[in-house]
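As given, the protein sequences belong to chains L, P, A, U, Y and R, one line each in that order. In case it helps, the working numbering puts the first sequence at residues 445 to 624. In case it helps, the working numbering puts the second sequence at residues 445 to 624. In case it helps, the working numbering puts the third sequence at residues 445 to 624. In case it helps, the working numbering puts the fourth sequence at residues 445 to 624. In case it helps, the working numbering puts the fifth sequence at residues 445 to 624. In case it helps, the working numbering puts the sixth sequence at residues 445 to 624.
Calculated directly from the structure, the hints in this document are not laboratory data. Take these hints with a grain of salt, some might be off.
Identical chains share a label here; the pair holds if one copy fits it or two copies do between them.
[Stated by the list, open to error] The list that follows gives simulated cross-link-like pairs (lysine-lysine, PhoX-like), each with its CA atoms no further than 25 Å apart:
no., residue 1, residue 2
1, 469, 505
2, 558, 606
3, 505, 474
4, 600, 558
5, 558, 582
6, 596, 582
7, 600, 469
8, 600, 588
9, 582, 600
10, 469, 558
11, 582, 606
12, 596, 505
Protein chains: 6
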Amino acid sequence: MKHGNCGIYIGRFQPFHLGHLHAVKYGFSKVPELIIGIGSAQYSHTLENPFTTGERFTMIKLALDEAGISRSSYFIIPIPDAEIHKIWVSYVVSQTPSFDVVFSNEPLTVRLFKEAGFNVERIPFLDREKYSATEIRKRIIENKDWILLLPKSVAKFMEDIKGLERIIELAQSDKPRASS
Amino acid sequence: MKHGNCGIYIGRFQPFHLGHLHAVKYGFSKVPELIIGIGSAQYSHTLENPFTTGERFTMIKLALDEAGISRSSYFIIPIPDAEIHKIWVSYVVSQTPSFDVVFSNEPLTVRLFKEAGFNVERIPFLDREKYSATEIRKRIIENKDWILLLPKSVAKFMEDIKGLERIIELAQSDKPRASS
Amino acid sequence: MKHGNCGIYIGRFQPFHLGHLHAVKYGFSKVPELIIGIGSAQYSHTLENPFTTGERFTMIKLALDEAGISRSSYFIIPIPDAEIHKIWVSYVVSQTPSFDVVFSNEPLTVRLFKEAGFNVERIPFLDREKYSATEIRKRIIENKDWILLLPKSVAKFMEDIKGLERIIELAQSDKPRASS
Amino acid sequence: MKHGNCGIYIGRFQPFHLGHLHAVKYGFSKVPELIIGIGSAQYSHTLENPFTTGERFTMIKLALDEAGISRSSYFIIPIPDAEIHKIWVSYVVSQTPSFDVVFSNEPLTVRLFKEAGFNVERIPFLDREKYSATEIRKRIIENKDWILLLPKSVAKFMEDIKGLERIIELAQSDKPRASS
Amino acid sequence: MKHGNCGIYIGRFQPFHLGHLHAVKYGFSKVPELIIGIGSAQYSHTLENPFTTGERFTMIKLALDEAGISRSSYFIIPIPDAEIHKIWVSYVVSQTPSFDVVFSNEPLTVRLFKEAGFNVERIPFLDREKYSATEIRKRIIENKDWILLLPKSVAKFMEDIKGLERIIELAQSDKPRASS
Amino acid sequence: MKHGNCGIYIGRFQPFHLGHLHAVKYGFSKVPELIIGIGSAQYSHTLENPFTTGERFTMIKLALDEAGISRSSYFIIPIPDAEIHKIWVSYVVSQTPSFDVVFSNEPLTVRLFKEAGFNVERIPFLDREKYSATEIRKRIIENKDWILLLPKSVAKFMEDIKGLERIIELAQSDKPRASS
Numbered sequence: 445m446k447h448g449n450c451g452i453y454i455g456r457f458q459p460f461h462l463g464h465l466h467a468v469k470y471g472f473s474k475v476p477e478l479i480i481g482i483g484s485a486q487y488s489h490t491l492e493n494p495f496t497t498g499e500r501f502t503m504i505k506l507a508l509d510e511a512g513i514s515r516s517s518y519f520i521i522p523i524p525d526a527e528i529h530k531i532w533v534s535y536v537v538s539q540t541p542s543f544d545v546v547f548s549n550e551p552l553t554v555r556l557f558k559e560a561g562f563n564v565e566r567i568p569f570l571d572r573e574k575y576s577a578t579e580i581r582k583r584i585i586e587n588k589d590w591i592l593l594l595p596k597s598v599a600k601f602m603e604d605i606k607g608l609e610r611i612i613e614l615a616q617s618d619k620p621r622a623s624s
Numbered sequence: 445m446k447h448g449n450c451g452i453y454i455g456r457f458q459p460f461h462l463g464h465l466h467a468v469k470y471g472f473s474k475v476p477e478l479i480i481g482i483g484s485a486q487y488s489h490t491l492e493n494p495f496t497t498g499e500r501f502t503m504i505k506l507a508l509d510e511a512g513i514s515r516s517s518y519f520i521i522p523i524p525d526a527e528i529h530k531i532w533v534s535y536v537v538s539q540t541p542s543f544d545v546v547f548s549n550e551p552l553t554v555r556l557f558k559e560a561g562f563n564v565e566r567i568p569f570l571d572r573e574k575y576s577a578t579e580i581r582k583r584i585i586e587n588k589d590w591i592l593l594l595p596k597s598v599a600k601f602m603e604d605i606k607g608l609e610r611i612i613e614l615a616q617s618d619k620p621r622a623s624s
Numbered sequence: 445m446k447h448g449n450c451g452i453y454i455g456r457f458q459p460f461h462l463g464h465l466h467a468v469k470y471g472f473s474k475v476p477e478l479i480i481g482i483g484s485a486q487y488s489h490t491l492e493n494p495f496t497t498g499e500r501f502t503m504i505k506l507a508l509d510e511a512g513i514s515r516s517s518y519f520i521i522p523i524p525d526a527e528i529h530k531i532w533v534s535y536v537v538s539q540t541p542s543f544d545v546v547f548s549n550e551p552l553t554v555r556l557f558k559e560a561g562f563n564v565e566r567i568p569f570l571d572r573e574k575y576s577a578t579e580i581r582k583r584i585i586e587n588k589d590w591i592l593l594l595p596k597s598v599a600k601f602m603e604d605i606k607g608l609e610r611i612i613e614l615a616q617s618d619k620p621r622a623s624s
Numbered sequence: 445m446k447h448g449n450c451g452i453y454i455g456r457f458q459p460f461h462l463g464h465l466h467a468v469k470y471g472f473s474k475v476p477e478l479i480i481g482i483g484s485a486q487y488s489h490t491l492e493n494p495f496t497t498g499e500r501f502t503m504i505k506l507a508l509d510e511a512g513i514s515r516s517s518y519f520i521i522p523i524p525d526a527e528i529h530k531i532w533v534s535y536v537v538s539q540t541p542s543f544d545v546v547f548s549n550e551p552l553t554v555r556l557f558k559e560a561g562f563n564v565e566r567i568p569f570l571d572r573e574k575y576s577a578t579e580i581r582k583r584i585i586e587n588k589d590w591i592l593l594l595p596k597s598v599a600k601f602m603e604d605i606k607g608l609e610r611i612i613e614l615a616q617s618d619k620p621r622a623s624s
Numbered sequence: 445m446k447h448g449n450c451g452i453y454i455g456r457f458q459p460f461h462l463g464h465l466h467a468v469k470y471g472f473s474k475v476p477e478l479i480i481g482i483g484s485a486q487y488s489h490t491l492e493n494p495f496t497t498g499e500r501f502t503m504i505k506l507a508l509d510e511a512g513i514s515r516s517s518y519f520i521i522p523i524p525d526a527e528i529h530k531i532w533v534s535y536v537v538s539q540t541p542s543f544d545v546v547f548s549n550e551p552l553t554v555r556l557f558k559e560a561g562f563n564v565e566r567i568p569f570l571d572r573e574k575y576s577a578t579e580i581r582k583r584i585i586e587n588k589d590w591i592l593l594l595p596k597s598v599a600k601f602m603e604d605i606k607g608l609e610r611i612i613e614l615a616q617s618d619k620p621r622a623s624s
Numbered sequence: 445m446k447h448g449n450c451g452i453y454i455g456r457f458q459p460f461h462l463g464h465l466h467a468v469k470y471g472f473s474k475v476p477e478l479i480i481g482i483g484s485a486q487y488s489h490t491l492e493n494p495f496t497t498g499e500r501f502t503m504i505k506l507a508l509d510e511a512g513i514s515r516s517s518y519f520i521i522p523i524p525d526a527e528i529h530k531i532w533v534s535y536v537v538s539q540t541p542s543f544d545v546v547f548s549n550e551p552l553t554v555r556l557f558k559e560a561g562f563n564v565e566r567i568p569f570l571d572r573e574k575y576s577a578t579e580i581r582k583r584i585i586e587n588k589d590w591i592l593l594l595p596k597s598v599a600k601f602m603e604d605i606k607g608l609e610r611i612i613e614l615a616q617s618d619k620p621r622a623s624s
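Pulled out of the complex, with its shape left as it was, chain L reads as follows (with noise of 0.2 Å):
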C-alpha cells in the first residue's frame, strides 16, 4: 500500500504503554510525518483518564525520545471530544494539519473518519489482553506488576508526579467531586 506524506494516530494513552509505541513506530513504517492526538483531552483525574492532556504530552515525547524517534517527524495535538460525534472529524480537521490516512483499530474512530471518506488503516496488535491502559491500571490499583507495560522513561515519570498514588485515589471515588 502507498500512502502520503502525514498520518493521524489517536490515543487516550492513560497511561502511553509499550503497545501505544509499537502502534506509532508501525505508523512510521507506512508514512514519514505522524500527528499524535490526545484523545478525551479535557478529561483528568478519574479512573479511566487519570492523566492531564499535559502529563500524557509529556510522557508521549518521553516514550518516542527513549525510542529514538526524532522530534522532526511527528506533532501531537489535543483532541477532546465531541458531544456530537458525527461532528467530531470535521472537528479534528479543523485543529490539526492535513493528513492523509488514519491508524486506528477503535470501532467508532475508524467508522466515523470512514463515513467522512477518509481512508483508515487497522495497526496490528502487539498482546492486546497485557499492553491495554485498562489492564495497567488495574494493576497498580491491586498492586501487581505494571512496570514491564511502559517505556521506562514514562514509568519513571508516573512515579515523579506521583502518578500511581493518584489512581489508587481515584478508585476509591466513585462519584467524582461529590461528597454525599
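Given chain L, put chains P, A, U, Y and R in place with the hints provided.
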C-alpha cells in the same frame, strides 16, 4: 377529554418503529395538529443513539407518508437534551410553536411538564415489550428478526444508509472514540 | 441549471419579511422541496434577535400558508450557531434530511458550504435596502411605517405576541440582563 | 403595595457602589428577606466585568455589614448569564430559594421576569448618572475622584486586592487574552 | 491545629441530612465562618440528584436555623461540576470569598484541593452507613423508615415540595427525558 | 536573567508574521525549549480569526523550518479561549508540558499569569505598527502590499489555501453565518 389545536409528542426514535407510529396516530385522535420532537437531538453514533437527527427526521417523514398522514398536520423539531433538567421544558417552549397538550409515557418527561403546569396525557402502549427501539437494536445486533417491527419505508431507509452495519459496529465499541 | 429534489435556505428571520418570502419562492422555482433553517436558533430577546425560534417557526408557517405554499413541500428546522465555524456545515448536515443545493447570499454561509464541497446558489434580491429585518426593527423603534414590509399574517402575529413592545423595550437595554 | 416574604435583586456589581446599597435598602423597605443575585457570574478580568464573583460576594458582605444590615436577612447567589435568554428566568428559579417579587430597573430583566409571570417592581434611582459602575470604572481609568461613590469598606477592599491596577491594565487590552 | 477565619465544606446534599449537619458543626468547631458549597449545582431531577440547587439551599437554611446556627456565620454558594477536573479548584476559588481550609472526605475533592496547595482536613464520620444520602433515597424508594435521618425541618420541607413522590417517580425512569 | 528549561509563548497568529518569528527567536535566546500556544483555537472564518488552528499550526511549522529552527526545540499546542478568564491559566497548565517562564506583551495574558504566580517576561517589539496581524489583514482587504511582512513560506501557504480570498469575503459579512 377536550383538547385544543396542537399537541407535542417527544421521542428519541432510534429508530422510529410501529409503536411510535401508533402513538402518533393516538395523538391525532385527540388533536388536529402535532409537533413531533426528536429528543436527544445532539447524539448519534452511540449504541443507544445510533442515528443522527437528520436521519431520524427522514424516518418520521417516510413513516407518516407511508401511513397516509398529511404533512400539513405535523411539524418535526429537533430537541437536544439540557444538562439542567429543570430548564428543559422552558427550552422546549422556546423552540416550538405553542402547544396545549403533551403526550408522553416517559416518567421524567411527564414530571417535568407537570411541574411546569402543562396538561400531560399518557399514550396507550402497543405491545411495549416488542415495539421498543432497545429491543430492535438488540435484535439487529443478535441477527434476529426485526424488520416487521418497523414501517416498511423506515426498514428500507435503514438499509440504504447502512444503518444495520453501523449498529453492529457500534456494539463493538464500549469506549466511544477512544482507543486505549 | 438543473437541481435535485431538495434545497436548503437558512435565515435568521427576525422577523420573517417579504424579502424572505421572495427567496423561498425563488427556491421553489428551482427545487420541489425546501428545508427552511432558522439560524441563530439559540438567541431571542436581544435587539438583533428579538424573537424565539418557536415564534419564528410560527411566522414562517403563517407566511407560507398565506402565500398558498403547501406544507407538504417544506420543513422548518432550527439551526443554532456553532462557536467553531469550520464545523457548522457538518452540524447542519447532521440535523437535517439530505439536500443537494444551498440557497444563500450571506458571505460566510456561502463560503463555509463551498469549502465543504456543496453546490451554492445566490438568490436575486428583492429591493434589499427595504426588505431587511434590520431596517424593519429600526422602523419599529423609530415608530415609522413597517407593516407593508411583512406578510399580513406575520404582522398580525407580531402584534398578538406584543412583539413591537418587546423590540422597543430591548432597544433601551444595551447590556442584556445586567443592571450596573 | 403588599409583599410576601422574599424578594430578589440582581446586579453585576462591578463594583458594588452606593446606588446598589440604596437599592438593597429600598428592597428591605418592601420585604423582610432578600436574595441578592450576582449577575454575569462567569465573567471577570474584562473591562466591563473586572471582578470575580468571589470578589463581588465579599464586596456585598462588607457593604451590608458596614450599613448595619443583618446577615440573617439576605442571601447572595451567583447567577451566570444564559446564552438562551428565554430560559434564564427558569434557571434563576432553579438556583435560588423561592421569591415572590423581583426588584429591577434593567429592561431585559424586567421583560423576561414579566413574560414568565412574575411580579416585578422598579427601584427609585439614586442619582443614576453618578452612581453607576460604568462611571466609576471610567473615573478610575481617567484617574478622577471615585472613592466617594463606594461604601468605605468596598473602596478599601478594592485597594487591598489591587483592583484599581487591574481595571487600568484591562483598559489597555482591547483583545482579551490574545496577542496578535 | 490552628485555623484562620474561613473554611469551605462542599457536598451535594441530596438531601441535606444529619450527617451533613454533623459535618457543619465539626467545621464550626475549627473555624468561625463557613462557606457551604452546593456541589453538582447544575443537576436536579435525576435519581442521584433529585433536588434543585434552590431546594437544597432552602434545606440547608432550614436545618441550620433548626440547629440554632446563626446565619451570620455561613454562606451557601452553588458550585457546578466542571467537565475538566483540573480546573475545578480554580473555578471554586473564582466563585467564593477567600477561605483557608477545606473540609472534605470525598477522595477526588481532597486530591484536587491538595494538588492545588490547599490545607485539607478530614471530617470524622457520623455513622457513615446510615447517614448517607444514597441510603436515604434508597429507603424512600423502598418505603422504609428514613425520616429520623434528616433534620425535622428538612423532612417537612421535602414533603411540602412533594419530594418523595419525585424520587419515587425518577426511580422508574432509567433514561432521563427520553422515550424510546 | 536566568531561566529554566521551557518557556511558553501564546499568540493568535492570524496569520503568523515576522513579528511573531522575532518573538519566537527572542524566546529561544532565553530558554532552550519553547511551547508555542495557538490562542483562540476554537475560532476561524471570522474577520479577526480567519484561519483554522490546523492552518495556523502549518504556518508556524513552515515559518520555523524556513528560519532553520529545529523542530526538536518546540511544541505547538492549541489553546481555546475560556469564558471564565480566572480559570484560563489553570486550563493552559492542564493542557501543556510544564513551563517556567511566560513570554507575552498582551495585558490580560500578563495579568492572569502574574495573578497565578508565574514568571512573566515582556518581549521587545519588532516595529509594532507594521508587524501586526490586524495591519496585515487590513492591507489584504485594501489590496495593499503585505507580502513582505510574512515569512515567504507562510505567504505561499496562504495563497495555496486561498486565504486572501477568504479574508476578503469575510470582510463583506458583518453578521457571521446569518442572512437577515
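| Intra/inter-copy verdict for residue 596 and residue 582 if alpha-carbon distance must be at most 25 Å | Answer is within: at 19 Å inside a copy they meet the 25 Å cutoff, but 44 Å across does not.
| task | Pop the pair residue 600 and residue 558 into one bin, within, between, both or neither, using alpha-carbon distances up to 25 Å. | result | between (38 Å within a copy, 22 Å between copies)
| task | Indicate which option fits the pair residue 469, residue 505 if close means a Cα-Cα distance not exceeding 25 Å: within, between, both or neither. | result | Both: 14 Å inside a copy, 23 Å across copies.
| task | Please work out whether the CA atoms of residue 558 and residue 606 approach to 25 Å or closer within one copy, between two copies, in both situations, or in neither? | result | For residue 558 and residue 606, only the inter-copy Cα distance (13 Å) is at most 25 Å; the intra-copy one is 39 Å.
| query | How would you classify residue 596 and residue 505 at a CA-CA limit of 25 Å: within, between, both, or neither? | reply | Result: close within a single copy only, 13 Å intra versus 30 Å inter.
| request: Can you give me the call for residue 582 and residue 600, within, between, both or neither, at a CA distance of at most 25 Å? | output: within (18 Å within a copy, 45 Å between copies)
| residue 600 and residue 469: within-copy, between-copy, both or neither at 25 Å Cα | within (22 Å within a copy, 32 Å between copies)
| request: Tell me, please, which holds for residue 505 and residue 474 at an alpha-carbon limit of 25 Å: within, between, both or neither? | output: Intra 20 Å, inter 22 Å, cutoff 25 Å: intra and inter.
| task | Tell me, please, which holds for residue 600 and residue 588 at an alpha-carbon limit of 25 Å: within, between, both or neither? | result | within (17 Å within a copy, 51 Å between copies)
| From the Cα coordinates, with 25 Å as the cut-off, is the pair residue 469 and residue 558 best called within, between, both, or neither? | Classified as within; 23 Å inside a copy, 37 Å across copies.
| said: I want to check one pair: residue 582 and residue 606. Are their C-alpha atoms no more than 25 Å apart within a copy, between two copies, both, or neither? | reply: Classified as within: same-chain Cα gap 16 Å, cross-chain 37 Å, threshold 25 Å.
| task | Using 25 Å as the alpha carbon limit, work out where residue 558 and residue 582 are close: within a copy, between copies, both or neither. | result | Between copies only: 24 Å across, 32 Å inside.
In this structure, none of the earlier numbered hints is contradicted; all agree with it.
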